[in-house]
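Colleague: Each chain, letter by letter, is given below.
There are 2 protein chains.
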Amino acid sequence: MFESAELGREVDKEEFEKRVPALRARILRAQQALAGTGLRLVIVVGGVEGSGKTELARRFLEWMDARGLRVESFADRSDEEEERPCYWRYWRVLPPAGHGAVLVSSWYTPAIVGRVMGESSSGELDQALDRAIAFETMLVREGTVLVKLWLHLSKKAQRRRFKELEADPATAWRVTKRDWKYAKRYGRFRKVCERALAKTGTAQAPWTVVDAEDRRWRDLSAGEAVAAALEAGLERAKAKPPKGVPDRSKPPVPNVLSRLDMSKDADGDYEDKLEKRQRRVALLFRELLRQKRSLICAFEGVDAAGKGGAIRRLLAATDVRDARVMSVAAPTDEERAHPYLWRFWRQLPRVGNATIYDRSWYGRVLVERVEGFCSRDDWKRAYEEIGAFEEELTEAGVIVCKFWLQISAAEQLRRFKERVKTPFKQYKITEEDWRNRRKWDAYQAAAVEMIERTSSPDAPWILIPAERKKYARLKVLEAVADRLEEELG
Amino acid sequence: MFESAELGREVDKEEFEKRVPALRARILRAQQALAGTGLRLVIVVGGVEGSGKTELARRFLEWMDARGLRVESFADRSDEEEERPCYWRYWRVLPPAGHGAVLVSSWYTPAIVGRVMGESSSGELDQALDRAIAFETMLVREGTVLVKLWLHLSKKAQRRRFKELEADPATAWRVTKRDWKYAKRYGRFRKVCERALAKTGTAQAPWTVVDAEDRRWRDLSAGEAVAAALEAGLERAKAKPPKGVPDRSKPPVPNVLSRLDMSKDADGDYEDKLEKRQRRVALLFRELLRQKRSLICAFEGVDAAGKGGAIRRLLAATDVRDARVMSVAAPTDEERAHPYLWRFWRQLPRVGNATIYDRSWYGRVLVERVEGFCSRDDWKRAYEEIGAFEEELTEAGVIVCKFWLQISAAEQLRRFKERVKTPFKQYKITEEDWRNRRKWDAYQAAAVEMIERTSSPDAPWILIPAERKKYARLKVLEAVADRLEEELG
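Chains Z and S are the protein sequences, given in the same order.
Counting from 1, position 41 in the first sequence corresponds to residue 41 in this note's numbering; the numbering is continuous, with no gaps.
Counting from 1, position 168 in the second sequence corresponds to residue 657 in this note's numbering; the numbering is continuous, with no gaps.
If you're looking for bench data, these hints aren't it; they were derived computationally from the structure.
Ideal placement from N, C-alpha and C gives every residue a C-beta, glycine not left out.
Be aware that a few hints might be false.
Claimed, not checked - Under 7 Å between C-beta atoms, here's a sample of chain S residues computed to sit facing chain Z:
1. 525
2. 813
3. 814
4. 816
5. 819
6. 823
One chain only, chain Z, in its complex shape:
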């Protein structure tokens, strides 16, 4: 794979200066067109130490419109990053639609370095690469022009480059002890990188391996790869994306929801039970902090299913300072300018904390599906994307609880009427609630499919018969406590 990047190709100064203006005009034209589309540009610059990844990033800033183009690099993780899943730091710097980012080092760096240094097994490397593929696939499908550049140097060329940098006081600091340490393992690095590149060079996100020995050749080749990717991306954008159409599926009968025993009610002294369960959750919350874990609860259910009430009782069991509720309404324009999961990544709790989502990322396969806010392809692929998202959460030690609160259509009607009548409940009922009610079956069908496709051992759906509010609230508290106890031992 790297042989063709060791042919020692060069460009002399004259030719370089002749070719640059046309290339720049081409890139700038494409970049400007990009700003008008819903596409973002992400350039991943990976490669051998000493190959000039940072120099190349600087070149991009020089050649392109630096407004709306950011260079990001990933050194040691900050404590805020340490407390979240690995990809959080990449989601953080994802540019909005119309903008671009040059990533010097990326999700490949820890995967490759870990394997070379013997800190991870070959199986773990493959897992990390699978995750990279899933992330990149999602990026591309969510409107990203993704350019992956790998700057290559032969072993000899790398040594030469290090010595050259060390000879100049202005650049000597750039060669660290770690660089030399890694350079000694050049052979092993090469092997691991070769495997990583082969596996992750997918159709939608191929690698461009660049011979980095001659700086001018390197920059021109990289620039041309960017120009070509931008142009291809714009071409693709011209093809109109499939429109969303409302989905009016009917749920199979019987189904996981129709089989729920809706007659269940709280027995005994409700207030007493509530307090006991809240105390149990409260104590487990202390343990959550002690074990440096965090908690995410997602609440879904039709309007008036009792999500808010259940959440309030749960919140009452926490030190409110450690828990926050995120109510998921229409996204802001910044959120719309990012992949749909971005707004949830943005709100992930730190260790010892909890985020409670009143409606969640499942909106994609519920309201967006039923109302046709996204295309059929979009919500179909979301099951997998959501699965990957939750896997990242649980692997990072986040405890995930997902609740579906089920009520009957008749009970919903009764609650709507009650809301209209009660002064301090009126704010909860809108015209939209009545409209959604008319699509009852479609929502049930979407919920059933969602539950079946996204329940996993680490992130199971917990189905709550919520026809009786008190029963549902107690049940939610019990389920959270059980999950916490199970996870915290």
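Since chain Z is already given, all that's left is putting chain S on it; use the hints.
Modeller: Chain S in isolation, oriented as in the chain Z frame:
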């Protein structure tokens, strides 16, 4: 000040339950109306340890529409927070327009605790309080309903509360060693708090001192204070805010800009000088990281003054991974939903890093003033707000460089024409540039006033005659190097 909060007032359960529904309905009505205005709600809950600040926050979540209401608290600063000015953590959690936040502890906590523990002088306390006033004044002027609640307990009541909490295993953890340590200094705390409250109880952000001994009394009084503040805020919002009108001032002659020697040009070998200065800046950047400082450069100047070119040469002197350019265009809707300085706070560099602003917060007193995007009052008060902002930056060790690049109207015309002709420069010229050009005098007048009112010893304006691009670029590099050297010793 606290005497009237030690009268031992109580509300019995029956009365409490009678009064709550009406209060809730009142708050909810106001909260809902708030969502429709450009106002945000910020409730600061301060007070004695053990007075139940967190309990009260939970009560607000129960009584109000929890969607769009967040509880925030401020424990030890994270490393990302440590690396930025003190108020960064408060800016981070500021709710957007239409939303609310309950802040359990706030900017008052470190100020008061520091003074009580003898870590700061009385002068330093006053400085901290002045900063709090400036921050709150800005918040209110930028559309915030600010409610400041102080929960008071007498010394005896505090001891009683601690013992009560300790007696119950579910709440015992809430009383820490630190609480008892602070409790021993009750008298001193009381004195410092009294001073802090007296000084910061301003007309636009008064304190409500709440007797916190009886929990029901506490919650009802606090709830009523919130309801009243919301209603008063909504009333104020009805009064139409003054509209912005374009400002067509003429600059005084001569002025700081007209006096610049515009004939200055680079002499000698430009490329050689450029490289030498870039090397000088590059070495100083290493020192910046070593000393854990950070750098902010703001570039202002009329269209085509050469901001982009100067920035690119400066960037070339940095390790691009440590520097980012923020191009300031129209704000996003999330940015518009926050005070105008929020978008700049969000981009502050970490230690060792630099943020280079291509246009900056000065837009408020330049384009927004000239075009009438904000009212006269708004831009008039901005001089002071910007001064406070930059003071916070420099006090936190951020090195601030502000550049005004000055060109003549004739030179601007020449550059516009050149841009139209050159393929890779066309993206830089828009219809708006031509429109702005017609308001030349107004922009000069705004610039002159801005320079005069916002130059300070720690954040001086550096005026660059930019008629000759090469001279300007060299001069900018030299000035950055000089500032860095001066600050880094």
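Colleague: Can you list which hints this structure breaks, lowest number first?
Modeller: 1 and 5
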